[in-house]
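Participant: In order, the protein sequences belong to chains E and U. Position one of the first sequence corresponds to residue 19 (the numbering used here), numbered consecutively onward. Position one of the second sequence corresponds to residue 211 (the numbering used here), numbered consecutively onward.
It should be emphasised that the hints constitute simulated quantities derived from the structure, not laboratory data. Please note: incorrect hints may appear among the correct ones.
[To be verified] No farther apart than 25 Å at their CA atoms in a straight line, the calculated lysine-lysine pairs in the BS3-like style are these:
#1 E:K86 <-> E:K72
#2 U:K293 <-> U:K224
#3 E:K55 <-> U:K219
#4 E:K23 <-> E:K72
#5 E:K72 <-> E:K55
#6 E:K23 <-> U:K267
[As the list claims (entries may be wrong)] Quick look at which bits of chain E chain U covers, simulated, 3 or more residues with Cβ under 8 Å:
#7 59 to 66
#8 117 to 131
Backbone N, C-alpha and C define an ideal beta-carbon position, used for all residues, glycine too.
So the chains spell out like this:
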Amino acid sequence: DQQVKQNSPSLSVQEGRISILNCDYTNSMFDYFLWYKKYPAEGPTFLISISSIKDKNEDGRFTVFLNKSAKHLSLHIVPSQPGDSAVYFCAATPNNAGNMLTFGGGTRLMVKP
Amino acid sequence: DGGITQSPKYLFRKEGQNVTLSCEQNLNHDAMYWYRQDPGQGLRLIYYSQIVNDFQKGDIAEGYSVSREKKESFPLTVTSAQKNPTAFYLCATGPVGYNSPLHFGNGTRLTVT
Numbered sequence: 019d020q021q022v023k024q025n026s027p028s029l030s031v032q033e034g035r036i037s038i039l040n041c042d043y044t045n046s047m048f049d050y051f052l053w054y055k056k057y058p059a060e061g062p063t064f065l066i067s068i069s070s071i072k073d074k075n076e077d078g079r080f081t082v083f084l085n086k087s088a089k090h091l092s093l094h095i096v097p098s099q100p101g102d103s104a105v106y107f108c109a110a111t112p113n114n115a116g117n118m119l120t121f122g123g124g125t126r127l128m129v130k131p
Numbered sequence: 211d212g213g214i215t216q217s218p219k220y221l222f223r224k225e226g227q228n229v230t231l232s233c234e235q236n237l238n239h240d241a242m243y244w245y246r247q248d249p250g251q252g253l254r255l256i257y258y259s260q261i262v263n264d265f266q267k268g269d270i271a272e273g274y275s276v277s278r279e280k281k282e283s284f285p286l287t288v289t290s291a292q293k294n295p296t297a298f299y300l301c302a303t304g305p306v307g308y309n310s311p312l313h314f315g316n317g318t319r320l321t322v323t
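Bound-form chain U, shown alone:
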């Protein structure tokens, strides 16, 4: 059964610590995306990758880093440089080159205190 999995669902960290959120997909899509949702707001794009070993900054990339070593995996690291890291993080995947809906994971809620 194909899908996209994010883990963990809830994550708690102390301020100043880096934390890595996992995203894995077995839909065989080339593109993967990280979005952030804040209360009462829409989804904002952090980073995206359309091919292995390549990724691009989205609208709010500062304080985040990613890697794309495998087609199936696109982990996001929230660094201590991110000023407001507490948020709901969503990973998505989809094809490249033609219009098609993105498939989203169920998200990771990160709380930094």
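Bound conformation, chain E alone:
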């Protein structure tokens, strides 16, 4: 049973517009959430995280929103740039799991010039 789900396998956005990537989770013990960006044949790189005590965290063009009651988080990228084209993974971990991450299946973002 997938505890972290990214229901959109791909997303295409025009350069300069907003990209919204979504992630749902089922495990109510998750309390730390992360987004990673991955290029082909490379390891994932950390993008932004959020703790369950917050509902929003912002870092430059990237904002993560957490809705605990809906068990849903989203990543907003504004404005989107062609260099943002990559696969984005949502990940989560419970407080007592020592950073052992459970990943979603990923969403491939394509930003068109």
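Chain U: place on chain E using the hints.
Facilitator: Chain U alone, transformed into the frame defined by chain E:
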């Protein structure tokens, strides 16, 4: 310059042979992890270690073995018992005990024919 290094980047083996993937880190983190990525899928945890000389099975440990003789090193052996060994293997490292992003290596693509 601290980091996590996986080698080799590409590895080819014949079916029935064991193969060992290398992972070394100099970030001084206690925990190390092995994940597997298959095309179009997320990352699945194979094994993890939070301290030297100790390691735990992840979600898909069957057909794999690991060792943690040194803090810096966490090699993964893909044995002939692994039914579908062809995949992209990712090693990660991070602290234990508090929420912090994992740092990933650039991966090893293993092809078994």
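Participant: Does each hint fit the structure? Answer for all of them.
Facilitator: Comparing the hints with the structure gives:
Between the alpha carbons of K86 (chain E) and K72 (chain E) the distance comes to roughly 9 Å, so the proposed pair stays at or under 25 Å and holds. For a cut-off of 25 Å, the pair hint linking K293 (chain U) to K224 (chain U) stands: about 13 Å separates their Cα positions. In summary, the hint linking K55 (chain E) to K219 (chain U) is supported, as the alpha carbons are separated by about 19 Å, within the 25 Å threshold. Note on K23 (chain E) and K72 (chain E): the hinted pairing holds, with a Cα-Cα distance of about 21 Å set against a maximum of 25 Å.
Of the pairs offered as hints, the one joining K72 (chain E) and K55 (chain E) holds, with about 22 Å between alpha carbons and a cut-off of 25 Å not exceeded. Taking the CA atoms of K23 (chain E) and K267 (chain U), the gap is about 22 Å. The hint holds against a cut of 25 Å. Judged by the Cβ-Cβ criterion of 8 Å, the segment 59 to 66 of chain E is covered by chain U as claimed, because 6 of its residues qualify and three suffice. Counting residues of the segment 117 to 131 of chain E whose beta-carbon sits less than 8 Å from any beta-carbon of chain U gives 8, enough to reach three: the coverage restraint holds.
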